[in-house]
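**Student:** Fit chain B to the supplied structure of chain A, relying on the hints for placement.
Each protein sequence line maps, in turn, to chains A and B.
Sequential numbering from 9 applies to the first sequence in the working numbering.
Sequential numbering from 201 applies to the second sequence in the working numbering.
In case anyone wonders, no lab produced these hints; they're calculated from the structure.
Check before you lean on any hint, since a few could be wrong.
[Claimed, not checked] Derived lysine-lysine pairs resembling DSS-like cross-links, with alpha carbons at most 30 Å apart:
| hint | chain 1 | residue 1 | chain 2 | residue 2 |
| --- | --- | --- | --- | --- |
| 1 | B | 261 | A | 46 |
| 2 | B | 267 | A | 176 |
| 3 | A | 324 | A | 354 |
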Amino acid sequence: MIYLDNAATSWPKPYTVAVALRRALSALGANPGRGGYKMSLATAEAVCAVRGAAAQMFGLEEPQRVIFCPNCTAALNLAIYCFAPEGSHIIVSDREHNSVIRPLQARAKAGGGDFSTAQLGTEVKNAAAAFERALRPDTSMIICTHRSNVDGQTLPIAQLGRLAAAKKLLFCVDAAQTAGSEEIDMAAWNINLLAMPGHKGLCGPTGTGLLLARGCEPHRTLLQGGTGSMSAGADMPAFMPDALEPGTLNTAGIIGLGAGLEYLRGLGVKQIGAHEHKLQSALRRQLENVGGLTLYPPDGESNILLFNFDAIPCEKAAAALAEREICLRAGLHCAPSAHLLRGTLKSGALRASFGIFNNLDQVRRCAAAIKQLASEAAKTR
Amino acid sequence: MNEKQECGIIVSSVTYAVYGRQALERRGLRAFTERLDPARSGDCGCGYGLRVRGDCRTAAKLLEEEKITVKGFYEPL
Chain A
9 MIYLDNAATS
19 WPKPYTVAVA
29 LRRALSALGA
39 NPGRGGYKMS
49 LATAEAVCAV
59 RGAAAQMFGL
69 EEPQRVIFCP
79 NCTAALNLAI
89 YCFAPEGSHI
99 IVSDREHNSV
109 IRPLQARAKA
119 GGGDFSTAQL
129 GTEVKNAAAA
139 FERALRPDTS
149 MIICTHRSNV
159 DGQTLPIAQL
169 GRLAAAKKLL
179 FCVDAAQTAG
189 SEEIDMAAWN
199 INLLAMPGHK
209 GLCGPTGTGL
219 LLARGCEPHR
229 TLLQGGTGSM
239 SAGADMPAFM
249 PDALEPGTLN
259 TAGIIGLGAG
269 LEYLRGLGVK
279 QIGAHEHKLQ
289 SALRRQLENV
299 GGLTLYPPDG
309 ESNILLFNFD
319 AIPCEKAAAA
329 LAEREICLRA
339 GLHCAPSAHL
349 LRGTLKSGAL
359 RASFGIFNNL
369 DQVRRCAAAI
379 KQLASEAAKT
389 R
Chain B
201 MNEKQECGII
211 VSSVTYAVYG
221 RQALERRGLR
231 AFTERLDPAR
241 SGDCGCGYGL
251 RVRGDCRTAA
261 KLLEEEKITV
271 KGFYEPL
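Just chain B, same shape as in the assembly:
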């Protein structure tokens, strides 16, 4: 996690990125959808991530509660 309290969460696809962003915003966490290059998306190849302003662990827990699988984490550029 960087100094601005930003973290990146890898999700399965753009559908999960959209619903994930909406879920986080409903819980008061700002999030942005972004495309990830293969090097940052773990075993996903091309994929999508959620750049979250706030605590990553809290955001990941909220996503799992919404049945959105967290595939991993990345450091936002």
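Isolated chain A (complex conformation):
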């Protein structure tokens, strides 16, 4: 099987992640922050080590500002509801995932504050100007994906960070497609809130996500419950991470994620990004002159290739490729606005997304299967 759906979740995981999960379940199974016995404290130490590793990887000075969540969607909900002041205006890019758009829509419908879309179009070099045009006196936050999960286009985050700092806005970045593939420095890029899944580029298990908060405090909580701290009071603790981490943590997942972070550190994030880009670029080169196929831009540094068969609907093509043991994702990828930009909102499209364990031989076999399918489609027309 050739797995090219790493933008949905990475697979396979490093062996060390499985080892760490097994160790977590067998030797670190106590609830951290609840007990004073050896295994509970050891589990807390292990969780804190992962906070530290994540903070270090993304240029966050204080590890206690790493908040563990079930996934990137939960992290983005926290960023929106807990950090953007009630009633304030938020600006997003024109290719955000539903994990941003849906919470914003719900917030607006509930009277919590509206949002505007910065119209970048397919050219993103002057993204800051588009965001600036959408500014209002009550704007509190900019939210932008670092890389579109649809076509792999990377947005100029450093440029937007400068705008946010100049206008004194909170800057939230959705790093769902870049965490683990691109070097990200929250301090250098003026990022206040960095949301990411643990189970994609960071190679952790599903059920893990992170929100890193720099230079900002939550004004409210989203869920309330036990934290093992300040237990005499009915209010949630005001300090992080406890304020945003009610209930028992996914300790096994977090410890597995820690092994993923360690694995990435060993290989080097920059090298991983270069490897994935090389594979995407190789598939693009092998398909670019094939009749009956449309390859969508950008032809830049990315780990995602979006394409369509001219004569086969995308889901049917994905099913045909699945029969050939090639795993791609078809449809709208939960980001209809990004498809609107590429003209694929009605048709959907096929997405090949590369990960750390893919290789050039897989690219060659995938290209051969796609060419064969295109050839068969041409004969039946």
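**Tutor:** Frame of chain A; chain B shown alone:
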């Protein structure tokens, strides 16, 4: 502070206890994380403390430098 130069520092949660212990050990002070009963944890209810071998004031100052809030002090059992 007892005769063995041991003191207890109340911190906000286990996260701050872990990072506090690590910070103190980096500065050469031995510290142990322990669970505190409500009577000893001030207004925190259930909580965590750092049992420190050494001068409590110095340890508290070091923790504050590391942005770890000191919630109070207790006498180690």
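**Student:** List in ascending order the numbers of the hints, as given earlier, that are violated by the structure.
**Tutor:** none
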